[in-house]
Amino acid sequence: MDAILQIIVTGLTLGSMYALASVGLALTYGTMGMFNMAHGLFMTIGAYAAYSVTTLWGAPLPVGLLVGLLAGGVSGLLLHTLIVRFMLDTEDFQTTVMVATAGVAILLQDLILKRYGAYPFKQPVQIEGSFRLAGIAVTYQSVLILAIAAALIGAMAWLLTRTRFGLAIRATAMNQDAAQLMGVRTERIYLQVIIISGALAAAAGILISSLAGLSPAMGSNPLIRAFIICVVAGLGSVTGAGLSAIALGLFEAAIGYYFGVRYGLPVMLGLVVLVLIFKPAGVFGRQEVVRS
3 MDAILQIIVT GLTLGSMYAL ASVGLALTYG TMGMFNMAHG LFMTIGAYAA YSVTTLWGAP
63 LPVGLLVGLL AGGVSGLLLH TLIVRFMLDT EDFQTTVMVA TAGVAILLQD LILKRYGAYP
123 FKQPVQIEGS FRLAGIAVTY QSVLILAIAA ALIGAMAWLL TRTRFGLAIR ATAMNQDAAQ
183 LMGVRTERIY LQVIIISGAL AAAAGILISS LAGLSPAMGS NPLIRAFIIC VVAGLGSVTG
243 AGLSAIALGL FEAAIGYYFG VRYGLPVMLG LVVLVLIFKP AGVFGRQEVV RS
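Here this note's numbering runs 2 ahead of the position in the sequence shown, where the first position is 1.
Keep in mind the hints are simulated off the structure, nothing from the lab. Any given hint might turn out to be false.
To be verified - Computed spacing ranges between beta-carbons, pair by pair:
#1 A5 to T92: 45 to 55 Å
#2 N223 to D179: 31 to 41 Å
#3 N177 to G60: 44 to 54 Å
#4 D91 to I279: 32 to 42 Å
Ideal Cβ positions, reconstructed from N, Cα and C, are used throughout, including at glycine.
Generate coordinates for the entire structure from the input sequences, incorporating the hints supplied.
Printed below as a string of structure tokens:
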């Protein structure tokens, strides 16, 4: 029983961080048909922004978290304003934007490496200590991660399902032309979606780095996992990405507990292959995005 409880706590902690990373990726793809290769760098930028504000400037931890989210959102804004919006009407948008954002990711990672160096840092946005729950030790940091992830994902769910802005996003995701005929300014929606995606990715980066540490390449591994989750859920399914992230977090925690942490990612990749064989559109898959 203690082992099961430990797997659940660890799995929920992992799953909540993966959910923040994958929901933003799924939202961008579902709305724009765009796979953002710089998504992992949004995580890195948010994490380093929080580190810089709290460590170098001495700001309180909540301020560091908010600045990290802001940095991720601003990164998304700049990516769309300087690059993505000029590619929206190109014939091979999905391919060209993937290549362009991959180039941006490489450039930004190199700039971070030059500014902070390759030496890993400890993320100060965390709470020390633990408590006992039903015979197992639960860290306060795990509780903080779950609380922040639940608050952000809950706010995202409310935004998408209970507001006119969310209705506009869902309409744009279903059919761009029909949304435009109904008065939706789709290009503004694209910008807002990338900003939201950047902020969610930054939150994921801050939380992940609080456990794994800061490094310029820290976003690469979470990006792979976020992509795996989106494929399993079905590219573009935001709800599916969140649910799949929790399920795969529990699955990875169980694999890590019984067989070793190093087997977590390979087994997840094997799971993706099985899903693509039997459910090519993903578990929560839907029809392809219509952009034009």
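### Indices of hints not satisfied (ascending)
Of the numbered hints given earlier, the structure breaks none, since each of them holds.
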